[in-house]
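Asker: Residues 1 to 413 (full-length UniProt numbering) make up the sequence shown, in order.
Keep in mind the hints are simulated off the structure, nothing from the lab. Every value quoted in this text rests on a predicted model; they were computed, and no experiment measured them. Worth double-checking, as some hints may not be accurate.
[Stated by the list, open to error] Mimicking EDC-like on lysine to aspartate or glutamate, the simulated pairs with C-alpha atoms at most 16 Å apart in a straight line are:
1. 131 x 86
2. 38 x 133
3. 224 x 56
4. 40 x 78
5. 224 x 71
6. 38 x 86
7. 231 x 56
8. 239 x 278
9. 105 x 71
10. 220 x 70
11. 220 x 114
12. 105 x 268
13. 40 x 86
14. 38 x 85
15. 38 x 89
16. 45 x 71
17. 351 x 114
18. 346 x 112
19. 45 x 127
20. 212 x 199
21. 38 x 127
22. 35 x 89
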Amino acid sequence: MAPSPACSISFDENHHGVFFAGQRLSGVVDIELPKQKKVKGVLLKITGLGCVKWTETHGTGTTVPFSGREDFLMHTMDLVRAESDDPIELPPGRQIYRFSILLPKTLPTSFEGDYGYIRYTVRVIFERPWKFDLTYKIAFTVVNQLNLNSVSPPLNVAVVQEHIKTFSCGPCRSAPLTINVMLPMTGYVPGQFILVTVDVSNQSGKCITEMKLKLRRQVKYRSKCPYEEEKSVYCTLAKYQCSGVDARGSAGYERRFLVPPEPPTRNDTIIRIGYFVEVTARVVGMACSPSVRVPVTIGTVPLKNLNQTQQRASIVEAHLTTASTISRKSMHGSVQSLKILHSFEKATGGKEVSIHDDDVPPTLGADSFVPRYPMFQFDADNKPISHGKPIATVHAPPARNASGNDNTTEADA
Numbered sequence: 001m002a003p004s005p006a007c008s009i010s011f012d013e014n015h016h017g018v019f020f021a022g023q024r025l026s027g028v029v030d031i032e033l034p035k036q037k038k039v040k041g042v043l044l045k046i047t048g049l050g051c052v053k054w055t056e057t058h059g060t061g062t063t064v065p066f067s068g069r070e071d072f073l074m075h076t077m078d079l080v081r082a083e084s085d086d087p088i089e090l091p092p093g094r095q096i097y098r099f100s101i102l103l104p105k106t107l108p109t110s111f112e113g114d115y116g117y118i119r120y121t122v123r124v125i126f127e128r129p130w131k132f133d134l135t136y137k138i139a140f141t142v143v144n145q146l147n148l149n150s151v152s153p154p155l156n157v158a159v160v161q162e163h164i165k166t167f168s169c170g171p172c173r174s175a176p177l178t179i180n181v182m183l184p185m186t187g188y189v190p191g192q193f194i195l196v197t198v199d200v201s202n203q204s205g206k207c208i209t210e211m212k213l214k215l216r217r218q219v220k221y222r223s224k225c226p227y228e229e230e231k232s233v234y235c236t237l238a239k240y241q242c243s244g245v246d247a248r249g250s251a252g253y254e255r256r257f258l259v260p261p262e263p264p265t266r267n268d269t270i271i272r273i274g275y276f277v278e279v280t281a282r283v284v285g286m287a288c289s290p291s292v293r294v295p296v297t298i299g300t301v302p303l304k305n306l307n308q309t310q311q312r313a314s315i316v317e318a319h320l321t322t323a324s325t326i327s328r329k330s331m332h333g334s335v336q337s338l339k340i341l342h343s344f345e346k347a348t349g350g351k352e353v354s355i356h357d358d359d360v361p362p363t364l365g366a367d368s369f370v371p372r373y374p375m376f377q378f379d380a381d382n383k384p385i386s387h388g389k390p391i392a393t394v395h396a397p398p399a400r401n402a403s404g405n406d407n408t409t410e411a412d413a
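Make the full structure from the sequences, and use the hints.
Answerer: Spelled out as structure tokens, the structure:
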């Protein structure tokens, strides 16, 4: 068997291969031919697509496959092309080709999930006469900027969510269990801390064995075939397990979640991403635990002009912004977040994925891939650290718990 060409693709001054929507993508294709090779042409394809796929088994035992696809980017250019129907012969040795395109501003952010992905690749294709094509490809990350200052209603207002639960009913109804969850604001970028304050008033006769505080992500996969369907998957990004509350007692908790490298909130593709803080009370003898959810928006441009502590006096019964209320206008444009000290970190979990499963499998190989997202540096007061300033060491605040002992852990679910 004749030796295959060696091929590599690299990006200009971009080691991690992370680009913002609207930015120029440029790089080099480096080909090493061990011997002369006949080809009809050598193509470069830059593509972006979203795919979802899962199956569901109904009560009759029938398994239904669901799928969907959206194409976001398709750019093709000839690196080499025969001028006639006759193939051309490429000489042995090393050959280098440059490429450059301007990425559309509307490209959604890269994402790799359990039942689908939004993926961008660069592919080199050797079109051979009377033989299967040879292909090599790599993936790169696209980040669509979400400016938190452009989201309406504003995200820089403190919010409180209250949940009141009574047990039994009628004349046997208990006194209420009241859970209040407070956030100083509802818009954050990776690297910021979400301060969560919880007040629990348990006037019932039930004992709360444990309080759980979680930062969670919800991903909605939306199919198009055989009909429109939606599948939701939840992931716990960070978690605290706290001590409980005695019957007819009260307690308070204060915890901070570090926002990990995550894609921005998005609601207008076949893969939709949202985030929320969830507080759950585990009650003795109850299968269903009372819980409170407070939606938060993750972006790439942090909120401006925040007061240092976001005083409780500013707490209002605010309208909470969810993924469905974010306009497309706030999704692209600004690059002002790059003025803040940052790095591009692997997505939460950091699991490498194979990129062999979209379209034609690469015969010359493909690098495994993990999307990377910007992770910004902030000090203990959530103030951004600009380039050239020292990075402060941030410590979580002490627990505030009227119940005494407190076990806390932060881990994935």
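Asker: Can you confirm whether the C-alpha distance between residue 45 and residue 127 stays at or below 16 Å?
Answerer: Satisfied, since the Cα-Cα distance of roughly 13 Å is no more than 16 Å.
Asker: Checking one constraint from the list: CA of residue 105 to CA of residue 268, max 16 Å. Satisfied?
Answerer: holds (14 Å)
Asker: Between residue 105 and residue 71, is the straight-line Cα distance small enough, at 16 Å or below?
Answerer: Holds. Residue 105 to residue 71 sits at ~15 Å (cutoff 16 Å).
Asker: Decide if the proposed pair is consistent with the structure: residue 40 and residue 86, CA atoms, cutoff 16 Å inclusive.
Answerer: Holds - the C-alpha atoms of residue 86 and residue 40 are around 7 Å apart, at most 16 Å.
Asker: Can the restraint linking residue 212 and residue 199 be considered satisfied, given a maximum Cα separation of 16 Å?
Answerer: Roughly 13 Å separates the two Cα atoms, so the pair holds.
Asker: Residue 45 and residue 71: Cα distance at most 16 Å?
Answerer: The given pair, whose Cα atoms are some 13 Å apart, holds under the 16 Å limit.
Asker: Measure nothing beyond the straight line between the CA atoms of residue 38 and residue 89; if it is 16 Å or shorter, mark the hint as holding.
Answerer: holds (4 Å)
Asker: Need the status of pair residue 220, residue 70: alpha-carbon distance at most 16 Å?
Answerer: holds (15 Å)
Asker: Tell me if the straight-line CA distance from residue 231 to residue 56 falls inside 16 Å.
Answerer: Since the Cα atoms of residue 231 and residue 56 sit roughly 10 Å apart, the hinted pair holds (cutoff 16 Å).
Asker: Are the Cα positions of residue 220 and residue 114 separated by 16 Å at most?
Answerer: holds (11 Å)
Asker: What's the verdict on residue 239 and residue 278, does the C-alpha distance respect the 16 Å limit or exceed it?
Answerer: At roughly 9 Å apart (the allowed maximum being 16 Å), residue 278 and residue 239 satisfy the hint.
Asker: Would you check the hint for residue 131 and residue 86, treating anything up to 16 Å between C-alpha atoms as holding?
Answerer: holds (14 Å)
Checked against the numbered hints given earlier, the structure satisfies every one of them.
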